[in-house]
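Trainee: As a plain string of letters, each chain reads:
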Amino acid sequence: EPEVTQTPSHQVTQMGQEVILRCVPISNHLYFYWYRQILGQKVEFLVSFYNNEISEKSEIFDDQFSVERPDGSNFTLKIRSTKLEDSAMYFCASSDLANEQFFGPGTRLTVL
Amino acid sequence: AQSVTQLGSHVSVSEGALVLLRCNYSSSVPPYLFWYVQYPNQGLQLLLKYTTGATLVKGINGFEAEFKKSETSFHLTKPSAHMSDAAEYFCAVSDRNRDDKIIFGKGTRLHILP
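In order, the protein sequence lines correspond to chains P and U.
According to the working numbering, the first sequence is numbered sequentially starting from 1.
According to the working numbering, the second sequence is numbered sequentially starting from 113.
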């Protein structure tokens with residue numbers, strides 16, 4: 001069964017460093033998303049991406065964040081200068097025309 | 113704006129007892145509704161969804177939910193709890209556009225008592 005994959009599963013970084021979180025969506029999907037979940041809190045929408053551009057972004061998705069689909073398979077989330085409060089689980093999701101989003105297993109980002 | 117309210121951050125039921133997790137939503141238009149489950153240290157798995165048609169929706173692992181428009185509710189139930197049901201459950205809503213974001217509730221942690 002096709003699934004969304006994410007790497008790495010756990011990323012530890014120093015405050016101020018850049019991180020890139022990687023996702024491989026399901027191959028025939030057209031819509032891509034990033035969400036995050038701070039420990040003990042609810043899952044929050046960050047950004048949606050379609051046709052090689054951002055469709056919508058939340059207030060959380062400020063200038064420190066960017067997304068890219070560098071090739072036909074990967075979908076990345078970059079945080080330019082990480083802050084302590086960026087520590088969270090980051091989930092990638094993808095969907096086709098049926099409006100069901102499939103989530104990856106997540107990347108746990110720890111900023112020290 | 114859409115929102116989701118889950119009543120009870122923690123719910124405990126005995127093994128074999130009825131599971132009822134409550135969810136109310138707010139939306140200006142009929143939304144899509146979802147329940148996701150998250151096991152410890154794992155990602156989000158879709159339990160069931162309501163898009164259109166029959167208001168009683170059956171999902172995986174014996175769960176079901178009923179969409180009640182008049183009550184703006186989408187409560188999750190399971191007739192008989194199993195130890196393996198212990199997890200975090202998220203109710204969620206999205207608009208009916210294909211690329212619309214999902215808005216999640218704060219989650220309910222389900223504890224199963226032996």
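Note that these hints are calculated values from the structure, not bench results.
One or more of the hints may lead you astray.
[What the hints assert, rightly or not] In silico BS3-like links for lysine-lysine, alpha-carbon gap of 25 Å or less:
| hint | chain 1 | residue 1 | chain 2 | residue 2 |
| --- | --- | --- | --- | --- |
| 1 | P | Lys57 | U | Lys181 |
| 2 | U | Lys180 | P | Lys57 |
| 3 | U | Lys161 | U | Lys180 |
| 4 | U | Lys180 | P | Lys78 |
| 5 | U | Lys161 | U | Lys181 |
| 6 | U | Lys180 | P | Lys42 |
[Unchecked claim] Pulled from the structure, derived: some chain P residues nowhere near chain U, Cβ distances all over 12 Å:
| hint | residue |
| --- | --- |
| 7 | Thr13 |
| 8 | Ser48 |
| 9 | Glu56 |
| 10 | Phe65 |
| 11 | Asp71 |
| 12 | Ser73 |
| 13 | Arg80 |
| 14 | Ser81 |
In this text the structure is predicted, and so the values were computed from the model without any measurement.
No residue lacks a Cβ here, since even glycine has one placed at the ideal position from N, Cα and C.
Trainee: For each hint, tell me whether it holds in the structure or not.
Mentor: How the hints compare with the structure:
1. Note on Lys57(P) and Lys181(U): the hinted pairing is violated, with a Cα-Cα distance of about 29 Å set against a maximum of 25 Å.
2. Proposed proximity of Lys180(U) and Lys57(P) is contradicted: the alpha carbons are some 30 Å apart, above 25 Å.
3. Pair hint Lys161(U) plus Lys180(U) holds up; C-alpha atoms about 14 Å apart against a cutoff of 25 Å.
4. Between Lys180(U) and Lys78(P) the alpha-carbon distance is near 41 Å, which puts this suggested pair outside the 25 Å criterion.
5. The straight-line distance between the Cα atoms of Lys161(U) and Lys181(U) is roughly 15 Å, inside the 25 Å bound, and the hint therefore holds.
6. Taken as a hint, the Lys180(U) and Lys42(P) pair is honoured in the structure, with Cα atoms around 24 Å apart against an allowance of 25 Å.
7. The beta carbon of Thr13(P) sits about 20 Å from the closest Cβ of chain U, which is more than 12 Å, so the claim that it is off the interface holds.
8. With a minimum CB-CB distance of about 6 Å to chain U, Ser48(P) fails to clear the 12 Å threshold, and the non-interface call is violated.
9. Listed as outside the interface, Glu56(P) is inconsistent with that label: its C-beta sits roughly 6 Å from the nearest C-beta of chain U, within the 12 Å cut-off.
10. For Phe65(P), the requirement that its beta carbon stay farther than 12 Å from each beta carbon of chain U is met, with the minimum near 15 Å.
11. No Cβ of chain U comes within 12 Å of the Cβ of Asp71(P); the nearest lies about 21 Å off, and the non-interface call holds.
12. Residue placement check: Ser73(P) keeps its beta carbon more than 12 Å from all beta carbons of chain U (closest about 19 Å).
13. The beta carbon of Arg80(P) is kept farther than 12 Å from every beta carbon of chain U, the shortest such distance being approximately 23 Å.
14. Consistency note on Ser81(P): stated as away from chain U, and its beta-carbon is indeed over 12 Å from all of that chain's, at 25 Å minimum.
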